[in-house]
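Next come the chains, spelled out residue by residue.
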Amino acid sequence: MNALLRMVLKRLGLGVITLFVVSLIIFSAVTMLPGDFTKAMLGQSATPDTVAAWQKEVGLDRPPVERYIHWIGGVVRGDFGVSFASKGGQQRTVVSLIAPRLENTFFLASFAAIIAVPLALVLGLLAALYRYSLYDRIVNLLALTAVSSPEFFLAYILMLFLAVKFPIFYSLGTVSATTPLDERLLRAALPALTLVLVIVAQMMRMTRAAVINLLSSPYIEMARLKGASPRDIVLHHALPNAWAPIATVIALNLAYLIVGVVVVEVVFVYPGIGQLMVDAVSKRDIPVVQGCAIIFAATYILLNLLADIVSIATNPRLLHPR
Amino acid sequence: MSADPAVITSADVASLPPRKRWWETALRELRRAPITAKFGLLAVVTYMLCGVFAPWVAPYPENELVGPLYAPWGGQFLLGTDQLGRDMLSRLVFGARNTIGIAVLTTAVSFFLGGMLGLLATVLGGWVDQLLGRAVDVLMAIPQLIFALVLLSIVGPSMINLILIIAVLDSTRVFRLTRAVAMNVVVLDFVEAAKLQGEKLGWIMAREILPNILPPLAAEFGLRFCFVFLTISALSFLGLGIQPPTADWGSMVRENATLINYGNITPLLPAGAIALLTVAVNFVVDWFLHKTSGLKE
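Protein chains in written order, with my numbering: chain X, 1 to 322; chain B, 1001 to 1297.
If you're looking for bench data, these hints aren't it; they were derived computationally from the structure.
Keep in mind that a hint or two might mislead.
Unchecked claim - Now the stretches of chain B that chain X is said to cover, found in silico as 3 or more residues with beta-carbon under 8 angstroms:
id : region
1  : 1073-1080
2  : 1146-1153
3  : 1235-1248
4  : 1261-1271
5  : 1276-1282
What the hints assert, rightly or not - Some residues of chain B that are not near chain X, with every Cβ distance over 10 angstroms (derived):
id : residue
6  : W1022
7  : L1042
8  : V1052
9  : W1056
10 : N1063
11 : D1137
12 : V1138
13 : I1142
14 : V1185
15 : E1199
16 : K1200
17 : L1201
18 : W1203
19 : I1204
20 : A1218
21 : V1253
Claimed, not checked - If you anchor each label on the Cβ, the simulated ranges turn out as follows:
id : chain 1 : residue 1 : chain 2 : residue 2 : range
22 : B       : V1128     : X       : G78       : 56 to 64 angstroms
23 : B       : G1101     : X       : F106      : 33 to 41 angstroms
24 : X       : E183      : B       : R1176     : 43 to 51 angstroms
25 : X       : Y219      : B       : A1180     : 24 to 32 angstroms
26 : X       : A53       : B       : A1180     : 28 to 36 angstroms
27 : B       : T1258     : X       : A85       : 35 to 43 angstroms
28 : B       : I1160     : X       : T31       : 14 to 22 angstroms
29 : X       : A209      : B       : V1128     : 41 to 49 angstroms
30 : B       : K1291     : X       : E103      : 47 to 55 angstroms
31 : B       : G1263     : X       : L225      : 45 to 53 angstroms
32 : B       : R1176     : X       : S229      : 40 to 48 angstroms
33 : X       : G73       : B       : M1140     : 25 to 33 angstroms
Backbone N, C-alpha and C define an ideal beta-carbon position, used for all residues, glycine too.
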C-alpha cells in the first residue's frame, strides 16, 4: 500500500506541475501574441488616452510577471479576476459569472455520463464477445458514423425528431437555479442525449478493442483449453485484467465530454460554462476566457490522472517498475 | 533461347510477361476493394470535383442575393435560399471548395511542421528530442478545442489565424507518430551508413527515413484531416472560425439553424455533408491501412 500511496502522490505532483505550466501558457499567450483586443473592447475610435486609462483600470499597464503572480495567486484562492465587461463602479468578477454555469455544466455532464458509461461498456463487451457477428458489424458502423459526425449534426437531428416532429423534449435547454429537478432533467434531456451518443460511440469502440486485445492473450487461450466455461473465462480470467483498460477508456471519454459540452451547450442554448467561454471569446473578454480555460484544463488533467492511477493501481507490474 | 541457362539474354527478358504498370495494379486493387472503400472513394472524388469545379457546378454565384429570404425547396432554387436570400445549393457547392480546402491546407501545414520536427527529434536525439517531447506533452495537456478558443480570443478570428492555430495544435499528434515510427528506422544500418558517408541532416531525414515511414504517415493524414475538418467546422459553427460571407458548412448550419424549429431540414444538409465526408475518408483510410500493413483477411 505504501508503494501505491507514493505513486499517487507522485502523479498528483506531476499533475500540479502540468497545470502550473498550462496556466503559464494560457496567461503568457496574451502577452506574447499580437492581439488588438483593446481595440476590440473599446472600439476602433478609442483615443490613446482612453486606451491607456482602460489598461490602467484592468491592470494591463503593469509588467507581465507581476500580473501573472497576481493572477495565479488569486486563482489559487478561487479569485479569477474581473471581467473586461465590467464598466466603471459596477464590477463583475469572473467567479460570479462562472460559478452558476459551472454547476449547470456539471449537472449536464453527470447526466450524460451516468447514462453513457454503463451503456457503452455493455455494448462494447457484447461486440467483443460476438465479434464479426451481424450485431458487431451494425454497432460498429453506427459508432463510426456517430464518431465521424460533428456534434451539432447529431444535436440538430435529435432536436428535429424529439422536439419538433414529436414534441417530447424541449429544443431549448433554458434552466435556471430555481428550476426544479424533474423540469431540469427534461430540459437537459436533449443536450445530454447528444453527448451520450457521441461518447457512447467512442467508448464502445475503445472497450471493444481493449477486450478483444485481452481475449487474444495466451492465458485466456490456456483457460479455454483447460475447459473453463465462457462465463468463467470472462468473469474470473479476463475481467480482473480488464479494469485497467476500461478505466482508461472511461476517463478518456469523460475528458472528451469537456470538448463536446462546448458545442452542445451552444446548440441548445444551455447556460453552461462552454457557452460562457464561446461568448467570452467572441467578445474578447480575456479574463473570463482564461478562467474557463483553466477550469477545463484542470478537469481534463485530473481525469487523465485518474485513468493513470487506476491503471497503475490495478496492474502490479506497473506498480513496481524495474 | 541461349544455350547456357545461367546466361540471361535480351531475348529471355523479352519473352517474360510485360511488367504491370502502376495504374494497372491500382485498378486491380480497386476492383477488389470492399464496398465501403469503393463508397468512400466515390464520395471523396465527388467532393473534390465539386470543390474544384465549384463555379461551373453551382447554378448561382457564392455571395449573390438571388431570391427571397428562406425560400422553400423546389422551383427556381432547388434547395431553397438562406437567411439573406442566397441560393443554398450554390453555397453548399462553394462550401466544398472553402471548407475542405482550408482543412486540407491546415492538415498539410500540420504535417510539414510535425513531420519535420519529429524527424529532427529522431535523427538528432539528445536534448532536442527531450525539449520537443516535453513541449508537445504540455501542448497536449489541454483539450485542443479549448486551447484554440483561448488563442482565438487573443489574436481574433481570421482565416490565417485559424489555419495557423489549428495546424500548430494538431502538429503535436503528427510529431508523436512520426517520432514513434521513425525511431524504428533510424537504428537501421543503412541510416548509419548514410551518416558515416557524411550525408547532410536534410538528406538523411528526407531521403533515408521519410520514404520508409510514408505508409503510416499517409494513413494518418486521412485521420488527421478528419479531425482538423471537424475542429474547424465546430469553430465555424460557434462563429469563431471561417468568417462570413465565405460559404462554409459550419457557419451555414449556424446561420440557418432556426429553420429546424419549423421542421425544415435545410440546416442538416451542410452538417450532413461534413459527416458524410469524414465517414468516407475513414472508410478509405481503413482500406489503405489494411493494404499497406499486409494483413490478409
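Evaluation of the provided hints:
Coverage of the region 1073-1080 of chain B by chain X is violated. Counting CB-CB distances below 8 angstroms, 0 residues qualify, and the rule asks for three or more. Beta-carbon proximity to chain X at under 8 angstroms applies to 7 residues in the region 1146-1153 of chain B; the threshold of 3 is reached and the given coverage holds. Counting residues of the region 1235-1248 of chain B whose C-beta sits closer than 8 angstroms to any C-beta of chain X gives 4, which meets the bar of three, so the coverage hint holds. With 7 residues having a beta carbon nearer than 8 angstroms to a beta carbon of chain X, the region 1261-1271 of chain B meets the requirement of three or more and the stated coverage holds.
Only residues whose C-beta sits within less than 8 angstroms of a C-beta in chain X count toward coverage, and the region 1276-1282 of chain B has 3 of them, enough to reach three; the restraint holds. At roughly 30 angstroms from the closest C-beta of chain X, the C-beta of W1022(B) stays outside 10 angstroms, upholding its exclusion from the interface. The non-interface label for L1042(B) is consistent with chain X: the shortest C-beta to C-beta separation is roughly 16 angstroms, beyond 10 angstroms. Annotated as non-interface, V1052(B) keeps its C-beta farther than 10 angstroms from every C-beta of chain X; the closest such distance is 23 angstroms.
Annotated as non-interface, W1056(B) keeps its C-beta farther than 10 angstroms from every C-beta of chain X; the closest such distance is 28 angstroms. The Cβ of N1063(B) sits about 22 angstroms from the closest Cβ of chain X, beyond the 10 angstroms cut-off, so the non-interface label holds. With a least CB separation of 8 angstroms from chain X, D1137(B) falls inside the 10 angstroms interface cut-off, contrary to its annotation. V1138(B), annotated as away from the interface, has a beta carbon of chain X within 10 angstroms; the closest lies near 5 angstroms.
In this structure I1142(B) is not separated from chain X by more than 10 angstroms, as the shortest Cβ-Cβ distance comes to only about 5 angstroms. In this structure V1185(B) is separated from chain X by more than 10 angstroms, as the shortest Cβ-Cβ distance comes to about 26 angstroms. At roughly 37 angstroms from the closest C-beta of chain X, the C-beta of E1199(B) stays outside 10 angstroms, upholding its exclusion from the interface. At roughly 33 angstroms from the closest C-beta of chain X, the C-beta of K1200(B) stays outside 10 angstroms, upholding its exclusion from the interface.
For L1201(B), the requirement that its beta carbon stay farther than 10 angstroms from each beta carbon of chain X is met, with the minimum near 29 angstroms. With 10 angstroms as the threshold on Cβ separation, the claim that W1203(B) sits away from chain X holds: the shortest Cβ distance comes to roughly 35 angstroms. With a cut of 10 angstroms on Cβ distances, I1204(B) stays outside the contact zone with chain X, its closest approach being about 32 angstroms. Distance check on A1218(B): its Cβ is at least 19 angstroms (rounded) from any Cβ of chain X, clearing the 10 angstroms threshold; non-interface status holds.
Consistency note on V1253(B): stated as away from chain X, yet its beta-carbon is not over 10 angstroms from all of that chain's, at 6 angstroms minimum. As the Cβ distance of V1128(B) to G78(X) is approximately 40 angstroms, the hint placing it in 56 to 64 angstroms is violated. A hinted range of 33 to 41 angstroms for the beta carbons of G1101(B) and F106(X) is consistent with their spacing of about 39 angstroms. Remark: the range hint 43 to 51 angstroms for E183(X) to R1176(B) is upheld by a beta-carbon distance near 46 angstroms.
Hint check: Y219(X) to A1180(B), Cβ distance near 28 angstroms, so the stated range 24 to 32 angstroms holds. A hinted range of 28 to 36 angstroms is violated for the C-beta pair A53(X) and A1180(B), which are about 53 angstroms apart. Distance hint check for T1258(B) and A85(X): the Cβ-Cβ separation is about 27 angstroms, which falls outside the suggested range of 35 to 43 angstroms. Here the CB-CB span from I1160(B) to T31(X) is close to 21 angstroms, well matched to the stated 14 to 22 angstroms.
A beta carbon spacing of about 34 angstroms between A209(X) and V1128(B) contradicts the range 41 to 49 angstroms that was offered as a hint. Against the hinted window of 47 to 55 angstroms, the Cβ-Cβ separation of K1291(B) and E103(X) comes to about 51 angstroms, which satisfies the hint. The supplied range of 45 to 53 angstroms is broken by G1263(B) and L225(X), whose beta-carbon atoms lie about 59 angstroms from each other. About 42 angstroms separates the C-beta atoms of R1176(B) and S229(X), a value consistent with the hinted range of 40 to 48 angstroms.
Between G73(X) and M1140(B) the Cβ separation comes to about 27 angstroms, which falls inside the hinted range of 25 to 33 angstroms.
Violated hints, in rising order: 1, 11, 12, 13, 21, 22, 26, 27, 29 and 31; the structure is consistent with all others.
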